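**Student:** Sequence:
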Amino acid sequence: DSFDAVRERVDCIIDFSNHALLPKILAYALDKRLPAVIATTGHTEAERAQMREAAAHIPVFSSGNMSLGINVLISLAKSAAAALGSDFDIEIVEMHHNRKLDAPSGTALMIADGIREALPYEPEYIYDRTQRRAPRGRSEIGIHSIRGGTIVGEHEVIFSGRGEVIRISHSAQGRELFAQGALAAAEYIKNKQNGLYSMKELLMDSAVGMK
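Mind the numbering: the sequence shown is residues 7 to 217 in the working numbering, read in order.
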C-alpha cells in the first residue's frame with residue numbers, strides 16, 4: 007500500500023501497475039537510487055517528461071510492451087515500410103481479450119509510430135472508416151481493434167501492394183513472456199549509466215553481443 011512499508015533490499019523496480027502511479031514510483035526510485043523498468047502504457051506527455059527528468063539521475067527503461075518478439079516485429083515493420091515506401095497501403099490489426107478497456111492497444115500505436123519514423127511522408131492514422139465516403143488515401147495507416155474471449159494479444163501489420171500482400175504478425179501465447187521481457191530489461195539496465203532506455207537499445211546490444 008505504501009513504499010514506506012518496503013523493507014526488502016532490491017536491485018531494480020519493475021512497474022506493471024498503472025501509469026497514474028508513475029510519480030510515486032519515480033520518486034521512490036530516485037530516493038533509493040534504483041533503476042526502474044516502466045512497463046505501463048497510456049502515459050501523458052507530462053508523465054513522459056517525468057521519465058526523461060528522472061533518467062538524468064537513474065537508469066530508466068520504458069516500453070509499452072515488454073515482449074521481445076513484438077519489439078522485433080516493430081523493427082521488421084519499420085524496415086518493410088522503409089523499403090516499400092508509398093507503393094504499399096499499410097494496415098494494423100490488433101486483437102485482445104474482452105476485458106481490455108482501451109482501443110487501439112498501446113502496442114498497435116507503438117507499431118504505427120515505429121512505421122511512421124521510416125516513412126518519407128507524415129501518415130494519417132485512421133481508426134474508423136464508417137463515416138468516410140472516399141477512396142483510401144495513400145498516406146493512411148488503418149488501425150483496427152478486435153475484442154473477444156481471452157485473447158492475450160495478437161498484432162498483424164499488413165502491407166498491400168499491386169498484386170501482392172506482405173504480412174508480419176506476432177501472437178502472445180501467455181502473459182509469462184511480458185514478465186520475461188521485464189526481467190531482461192532489469193538485467194540490462196541494472197549496471198547502466200543514467201539515461202532513458204527502451205527495447206531498441208536492448209535488442210541492438212543483444213545483437214552486438216551475439217556477434
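Hints may be right or wrong, so weigh each one.
[To be verified] Okay, derived cross-link-like pairs now, DMTMM-like style, lysine to aspartate or glutamate, Cα gap no bigger than 20 Å in a straight line:
1) 84 to 128
2) 196 to 59
3) 198 to 182
4) 206 to 123
5) 30 to 59
6) 206 to 119
7) 38 to 51
Hints listed in this document are in silico derivations from the structure and should not be mistaken for laboratory results. Since the structure is predicted, the reported quantities are computational estimates derived from the model, not experimental observations.
**Student:** When the hints from earlier in the document are held up against this structure, which numbers fail?
**Tutor:** 3 and 7
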